[in-house]
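K.L.:
Next come the chains, spelled out residue by residue.
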Amino acid sequence: MLFETLKLALASILRNALRSFLTVLGVVIGVASVLAMVTVGQGSSDQVIADVEQLGTNVLLVLPGQQAMGSRSMGERARPFTLRDVDLLLEAVPTIEAAAPIASGQATMVFGSENHRAQITATDARYLVASDWPLALGRNFTVGETQGGRAACILGETVREALFGASDPVGESIRVRNFTCEVIGVLEAKGASSFGTDQDDVVLMPIRTFQRRVAGNTDVATIYVAVEDDFSTEDAMREIEFVMRDLRRIGETEEDDFTVMDMKQVASMLTGITGVLTGLLAAVAAVSLLVGGIGIMNIMLVSVTERTREIGIRMAIGAQANQVLMQFLIEAVALSLLGGGLGAVLGLIIAAVVSHLMVIPFAPDPLIILLAFIFSAFVGVVFGYFPALSAARLDPIEALRHE
Amino acid sequence: MPEDLLISLRQITRVYGSGAAEVRALDGVDIDITRGEFVAIMGPSGSGKSTAMNVIGCFDRPTSWQYRFNGVEVGGLSNDQLALLRRHYLGFIFQGYNLLPRMSARDNVELPLIYKCLPKQARIARAERALDLVGLGGRAGHDPSQLSGGQQQRVAIARALAGNPRVVLADEPTGNLDTKRSAEIMELLVDLRRERNLTIVMVTHEDDMAAYADRLIWMVDGKVQRDGPTRQEVQDAV
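Chains as they are written, first to last, in the numbering used here: chain A, 1 to 403; chain B, 404 to 641.
The hints are simulated quantities; they were obtained by calculation from the structure and are not laboratory data.
Do not rely on the hints blindly, as some may be mistaken.
[As the list claims (entries may be wrong)] Okay, derived cross-link-like pairs now, DMTMM-like style, lysine to aspartate or glutamate, Cα gap no bigger than 20 Å in a straight line:
1) A/K7 to B/D510
2) B/K523 to A/E4
3) A/K7 to B/D546
Whenever a hint applies, use it, and build me the whole structure from the sequences.
P.N.:
What follows is the structure, encoded as structure tokens:
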């Protein structure tokens, strides 16, 4: 009986193939967008975690201000660190292997007639080691260059391409704002980050050079800390916190105005951002499923009216009200499941393409796919129930007379 | 009560509307039908013959009931129980055939068997036997749109018979057919009735068709005016 009803429902859906397709389009778009977003979000989270883990499990990040999940907390701007903080920290905490200060900003680089605006990451020689970023050409900064604040820079691949094209940039000089800077090396191409930004669109320079010539201050935005291999990062974090409180003269009862994070926390903070985004977009997708459901309800009501006489005939030969109800309910559910199936395929294709373009892992989650199906079946039941009920409540005499 | 009394209507009244607009479609109708009878119900339009048919067919709930079908009081049954009664004991033939379009003759005949929850193989076998019975064995795969009116009505008769009903209710079965096809359909009904000991109740407004029945009920204004052997039988007896 159930099988017959299902066959009948499919026959009825296929008979009006175009109408059925247009009807389920809302569900298709809803399911496809949910699946694509969740899958891409998952892939980018995986990528963030992989990126961060690549930095090493013994790396800590010290940031000014209280870092809330996903966003910097509101209120006054936190005091930045200084280079002196970095040196003192290195001196005071014996388990620290290395500490690299980082500051960043943007500037336009000029070479000959070419110019290009890029991100500047200002740091010292240890940055390339800590971030495991090899050079394609030239050399790293020397200690003398970073201490003395020499005007030297290392170009990311995108910047090199924009300014120099095919020629070798090492030994050439580029203009950054109002000073001339010697190119000493080129970084290997890394591609887009998990957030889709171009990681190669960057220029590295010694932090003292940046502070003096670009930023005009002595701020250090972030401190990268590498902990000695044999020591626990938890202990190092506690010690850093203790020392920083002292350095920044924070009273006993006051809260920290800085944050020490290990890479696990960094990863969860970064994936937290994509999590919030995924949630928001999923809500939009849920609205489109709702609209899709209303479309199904509408077309099922039309179908019931069109088939009034058929309903009458079925009742005359002995169909009970709940059998008529089931027939139309199954048709609605089959319709929405069809939409769910098409949407799942479409969503996975979109996710695969986007993942490929963003160079992140394609991470389809079977649970989410199953959930999408359950949800579209649910939409079919909810929005198919009323039309099915109106079919089941028809008076057989009236229904048979219907033209 | 005679043992083979199948249908027993007592003082059935059916009122539509209320107050000044009140219409008494049936006004105290008594009808008894025994097993194997072929009864024709005739009367001018508005005489209540269709309403009587709806009551007998367990479609309509009269304003006051006393209807025993096969010894069961129908008045107290729920809609679902009425549907079961139709499914297992009644077969319907309509003036407009009422076949489902875009479904083969065989699928149409199978329909009541689906509701009887027969397995697929048994359904096909019974549907094809029923189509053979009405002389359409070779047309089982045809859609109603590919069949003539007479053939469509034969499919409808096969559908009515497929479920092995006790009673076949025919509402103007030849209303859409020419004289020749009408005669063929009526002869088919008469043959089937004889072979299977069917009870047939037929509403018609054509004397020629009523002549195939062995009993005629003449209704006027919601009342049974005359109930007796058909003229044909009277003539035969003479």
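K.L.:
Confirm or reject each hint.
P.N.:
Now the hints, each set against the structure:
For the proposed pair A/K7 and B/D510, the alpha carbon gap of about 12 Å is at most 20 Å, so the pair holds. With a CA separation close to 9 Å, the supplied pair B/K523 and A/E4 stays within the 20 Å bound. Restraint check for A/K7 and B/D546: the C-alpha separation of about 18 Å stays at or below 20 Å, so the hint holds.
In summary, the structure agrees with every hint in the numbered list given earlier.
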